[in-house]
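Listed in order, the protein sequences are those of chains A and B.
Position one of the first sequence corresponds to residue 1 (the working numbering), numbered consecutively onward.
Position one of the second sequence corresponds to residue 1 (the working numbering), numbered consecutively onward.
For the record, the hints were derived by calculation from the structure and aren't laboratory data.
The reader is advised that the hints may include incorrect statements.
[Said to hold, decoys possible] Below 27 Å or equal to it, Euclidean Cα-Cα: the simulated DSSO-like pairs (lysine-lysine) are:
(1) 64(B) - 49(A)
(2) 55(A) - 185(B)
(3) 38(B) - 137(A)
(4) 142(A) - 102(A)
(5) 49(A) - 117(B)
(6) 55(A) - 117(B)
(7) 181(B) - 149(A)
(8) 181(B) - 197(B)
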Amino acid sequence: MSKFKKKSSASQDIPTAALPDIIFMLLFFFMVTTVMREQEILVKQILPKADQLSKIQKKSLVSHIYIGEPKNVGTYGSEPRIQTNDVFMVPDELTLFVNQEKDKLSEAERDRITMALNIDSEVKMGIVSDVEQTLRKSNARKILYKSLKGLEE
Amino acid sequence: MARNKERGTPEVSSGSMADIAFLLLIFFLVTTTIANDKGILMQLPPPPEPDQPEIIFQERNIFKILANSNDQLLVENEPYNKPMSELKEEVKDFVLNFGDPNQDGVDTYNSLPSQMKSRAKQSSESSDHPGKAVVSFKANRGTSYELYIDVLDAVQAAYNEIYAERVGISAQEFLQLDQSKDVEKRMYQQARAGIPKAISIAEPDK
Numbered sequence: 001m002s003k004f005k006k007k008s009s010a011s012q013d014i015p016t017a018a019l020p021d022i023i024f025m026l027l028f029f030f031m032v033t034t035v036m037r038e039q040e041i042l043v044k045q046i047l048p049k050a051d052q053l054s055k056i057q058k059k060s061l062v063s064h065i066y067i068g069e070p071k072n073v074g075t076y077g078s079e080p081r082i083q084t085n086d087v088f089m090v091p092d093e094l095t096l097f098v099n100q101e102k103d104k105l106s107e108a109e110r111d112r113i114t115m116a117l118n119i120d121s122e123v124k125m126g127i128v129s130d131v132e133q134t135l136r137k138s139n140a141r142k143i144l145y146k147s148l149k150g151l152e153e
Numbered sequence: 001m002a003r004n005k006e007r008g009t010p011e012v013s014s015g016s017m018a019d020i021a022f023l024l025l026i027f028f029l030v031t032t033t034i035a036n037d038k039g040i041l042m043q044l045p046p047p048p049e050p051d052q053p054e055i056i057f058q059e060r061n062i063f064k065i066l067a068n069s070n071d072q073l074l075v076e077n078e079p080y081n082k083p084m085s086e087l088k089e090e091v092k093d094f095v096l097n098f099g100d101p102n103q104d105g106v107d108t109y110n111s112l113p114s115q116m117k118s119r120a121k122q123s124s125e126s127s128d129h130p131g132k133a134v135v136s137f138k139a140n141r142g143t144s145y146e147l148y149i150d151v152l153d154a155v156q157a158a159y160n161e162i163y164a165e166r167v168g169i170s171a172q173e174f175l176q177l178d179q180s181k182d183v184e185k186r187m188y189q190q191a192r193a194g195i196p197k198a199i200s201i202a203e204p205d206k
């Protein structure tokens, strides 16, 4: 015990000189990993849960489509809508969107474009299948049903 | 202040540095959304051509799952109320039935580990061999997306578990195989050889 007592008599200051460095390190980590949202999502997004998730190998090949009930029901109504970038679309207009997204990619990568479907779990299949049919026609046939990791009950 | 300058000790107090950094840190902590680009990958079929001949499958080679607008399931013509994990097992049994295998089917069968061979019931009511087995899933326009994903997830899980068991890893490990590495790519190809992932998503009813 006496040993401990001796120690306690020493100064109890924790050296804080390295604190800024540690904080800066954390700061840089978050600065690097942060992706600022470039678009506002105008539809409700509660993604379904699934177990068999694959990760996308190359993020530049991914384009996002959001489907769900509009957050602003007063303006846009309560029917599920399709959002790409910042606008609502009808399924037929998606062809144009797919072509725009394909134009951003290099020639070789165009066929590997992946459409990430962010679909609210309350949406009915009707609109989802309309979107899928349009994607089939516009030759963007790789799709990813975005979902969260959740154990099946 | 003035006196300090005269003395020539130009020291910047760095005591508040941590505070400033903290402030920035908190800002980034709040704004960060860790991107989760994860989900169920599917490949859509090419668009239908007008003069496409209809491909006829034998009834026994199709595992039919239907969903109606009340989110009720019909699996192999029977109403289905069991949990999704049961559905997964049924799909596995269906794929690994080997009722009437051709030469490729026999080769596939011989390549399976022994505990998977015991799954082969060789029933004449179920699929001939994995190469021919098709899981067909048809939803209604009124089916909820949540159920759709649940069923799709169960069918995907069945296939992934078959592949994973074949090479002796868990399904999650199988999903994480990195195709850019040679060893893992070979493992992936070995797992999938002879057992195509044939999931057919039919266009929903009006």
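Now for the hints, and whether the structure bears them out:
no.	hint	in the structure
1	64(B) - 49(A)	holds, 23 Å
2	55(A) - 185(B)	holds, 16 Å
3	38(B) - 137(A)	holds, 25 Å
4	142(A) - 102(A)	holds, 13 Å
5	49(A) - 117(B)	violated, 32 Å
6	55(A) - 117(B)	violated, 31 Å
7	181(B) - 149(A)	holds, 25 Å
8	181(B) - 197(B)	holds, 22 Å
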